[in-house]
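Enquirer: Residue strings, one per chain:
2 protein chains.
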Amino acid sequence: MVHADSSNFASGISKEGAYKHVLEQAEALFQGQTNWVCNLANTSSLLWHAFHSLPSPSSDVNWAGFYTIDPKKANQLILGPFHGKVACETIAFSRGVCGAAARDGSTKLVQNVRAFPGHIACDGASMSEIVVPIIVDGEVKAIIDVDCAVKSGFDEVDQLWLEKLAALLAESCEW
Amino acid sequence: MVHADSSNFASGISKEGAYKHVLEQAEALFQGQTNWVCNLANTSSLLWHAFHSLPSPSSDVNWAGFYTIDPKKANQLILGPFHGKVACETIAFSRGVCGAAARDGSTKLVQNVRAFPGHIACDGASMSEIVVPIIVDGEVKAIIDVDCAVKSGFDEVDQLWLEKLAALLAESCEW
Numbered sequence: 001m002v003h004a005d006s007s008n009f010a011s012g013i014s015k016e017g018a019y020k021h022v023l024e025q026a027e028a029l030f031q032g033q034t035n036w037v038c039n040l041a042n043t044s045s046l047l048w049h050a051f052h053s054l055p056s057p058s059s060d061v062n063w064a065g066f067y068t069i070d071p072k073k074a075n076q077l078i079l080g081p082f083h084g085k086v087a088c089e090t091i092a093f094s095r096g097v098c099g100a101a102a103r104d105g106s107t108k109l110v111q112n113v114r115a116f117p118g119h120i121a122c123d124g125a126s127m128s129e130i131v132v133p134i135i136v137d138g139e140v141k142a143i144i145d146v147d148c149a150v151k152s153g154f155d156e157v158d159q160l161w162l163e164k165l166a167a168l169l170a171e172s173c174e175w
Numbered sequence: 001m002v003h004a005d006s007s008n009f010a011s012g013i014s015k016e017g018a019y020k021h022v023l024e025q026a027e028a029l030f031q032g033q034t035n036w037v038c039n040l041a042n043t044s045s046l047l048w049h050a051f052h053s054l055p056s057p058s059s060d061v062n063w064a065g066f067y068t069i070d071p072k073k074a075n076q077l078i079l080g081p082f083h084g085k086v087a088c089e090t091i092a093f094s095r096g097v098c099g100a101a102a103r104d105g106s107t108k109l110v111q112n113v114r115a116f117p118g119h120i121a122c123d124g125a126s127m128s129e130i131v132v133p134i135i136v137d138g139e140v141k142a143i144i145d146v147d148c149a150v151k152s153g154f155d156e157v158d159q160l161w162l163e164k165l166a167a168l169l170a171e172s173c174e175w
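As they're listed, the protein sequences go chains A and B.
Position one of the first sequence corresponds to residue 1 (UniProt numbering), numbered consecutively onward.
Position one of the second sequence corresponds to residue 1 (UniProt numbering), numbered consecutively onward.
The set of hints was computed from the structure by calculation and includes no laboratory data.
Note that beta-carbon positions come from the ideal geometry of N, C-alpha and C, so glycine has one too.
There's no promise every hint is true.
What the hints assert, rightly or not - Chain B residues, not near chain A, derived (Cβ > 10 Å throughout):
1) A10
2) E27
3) L54
4) S59
5) D70
6) G105
7) T107
8) D123
9) A125
10) G138
11) E156
12) L160
13) S172
What the hints assert, rightly or not - One side of the interface only, derived from the structure: several residues of chain A facing chain B at Cβ under 10 Å:
14) S7
15) N42
16) F66
17) A121
18) E171
My request is simple: use the sequences and hints to build the entire structure.
Expert: Next up, the structure:
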């Protein structure tokens, strides 16, 4: 199997099935590879293709990727690998959904970003968002961020599986 | 203007026009930001959306992104930010089109990858490829890699503008 085939999902796959495929492929790709840039880059591809293999609202995902802790500024996130349109380079911990997840180290599942205090519109098309922190030894190292162009794009299934993915990334990468 | 608007290209834009937009947007995004992960991530988005705003063969681009020098192994490239399907994590300097460009520090414009000695098929769908090294003080730091699902996907216009982009990235990032 060539690498690109990891991004191919079975037709009619369920959301659980698609996430299971992402986790299995990610685990295989991370064997013997701990470079975080490399691993997050491939994971953003897996997530993007997973969402776009599913029906709406998952297929309405318009951004899937990562922010890491900015090595140059405390309490600030900096853009990592992603799939989607151009994004904000940095996000202060004090701002938006990403900042909130990085600040308190817990998942944020937001059904309507316009109702979220301090929401940052990197893309005016984004309507809902899920942000899951990647935590190593109690410290947030990065966040998984996925945006959707419709309201209520994510549910507890997304949360469950993205938290599993965050745990895998936490243990698989040198941060 | 929100960040995502950088990825929107005028309808009916020419290839030169699309590349000019990429360069202008990249230059603006890099103002005050030298983090290479962040800058390559946004650049891969700009390139992806530029190609997909153009007619075929540019719209047949199936991978646009970067490899950098692997900090853990001499004469090896490691995957950086990209848009497209899952890709090979590492590429030895001795292998394929990417390896050749990294080894001798010059652009490789390959109209038919299957005829290129030692071609690595990360994706069997890729038929042509352009690889442009990013060189700082005579040393290759990374490569821009773009694959196309049809033969002869790139020409001297792509080469000219991707070399301009490589020069901008060379001077804009801390490597």
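Enquirer: Taking C-beta pairs only, is E156 (chain B) more than 10 Å away from all of chain A?
Expert: Non-interface label on E156 (chain B) holds, nearest chain A Cβ at 27 Å vs cutoff 10 Å.
Enquirer: Is the nearest Cβ of chain A still more than 10 Å from the Cβ of D70 (chain B)?
Expert: Non-interface label on D70 (chain B) violated, nearest chain A Cβ at 8 Å vs cutoff 10 Å.
Enquirer: For L160 (chain B), is the shortest beta carbon distance to chain A beyond 10 Å?
Expert: holds, 23 Å
Enquirer: May I ask you to check that G105 (chain B) keeps its beta-carbon over 10 Å from the closest beta-carbon of chain A?
Expert: holds, 22 Å
Enquirer: Does S172 (chain B) sit more than 10 Å from chain A, CB to CB?
Expert: Holds: least Cβ distance 12 Å, greater than 10 Å.
Enquirer: When you look at the beta carbon of A10 (chain B), is every beta carbon of chain A farther off than 10 Å?
Expert: holds, 15 Å
Enquirer: Confirm or reject the statement that D123 (chain B) sits farther than 10 Å, beta carbon to beta carbon, from all of chain A.
Expert: violated, 3 Å
Enquirer: Was S59 (chain B) rightly flagged as not at the interface, with every chain A Cβ beyond 10 Å?
Expert: Given a closest Cβ separation of 17 Å, the condition holds.
Enquirer: Would you settle whether the hint for S7 (chain A) is holds or violated, based on the nearest Cβ-Cβ distance to chain B being less than 10 Å?
Expert: Since chain B brings a Cβ to about 4 Å from S7 (chain A), closer than 10 Å, the hint holds.
Enquirer: Are all beta-carbon distances from L54 (chain B) to chain A longer than 10 Å?
Expert: It holds; L54 (chain B) is separated from chain A by about 17 Å at its closest Cβ, greater than 10 Å.
Enquirer: Just want to verify: T107 (chain B) was marked as not at the interface with chain A; is every Cβ pair farther apart than 10 Å?
Expert: holds, 23 Å
Enquirer: N42 (chain A) was flagged as interface toward chain B. Is the shortest Cβ-Cβ separation under 10 Å?
Expert: holds, 5 Å
In summary, the structure is inconsistent with hints 5, 8, 9, 18 from the numbered list given earlier, while agreeing with the others.
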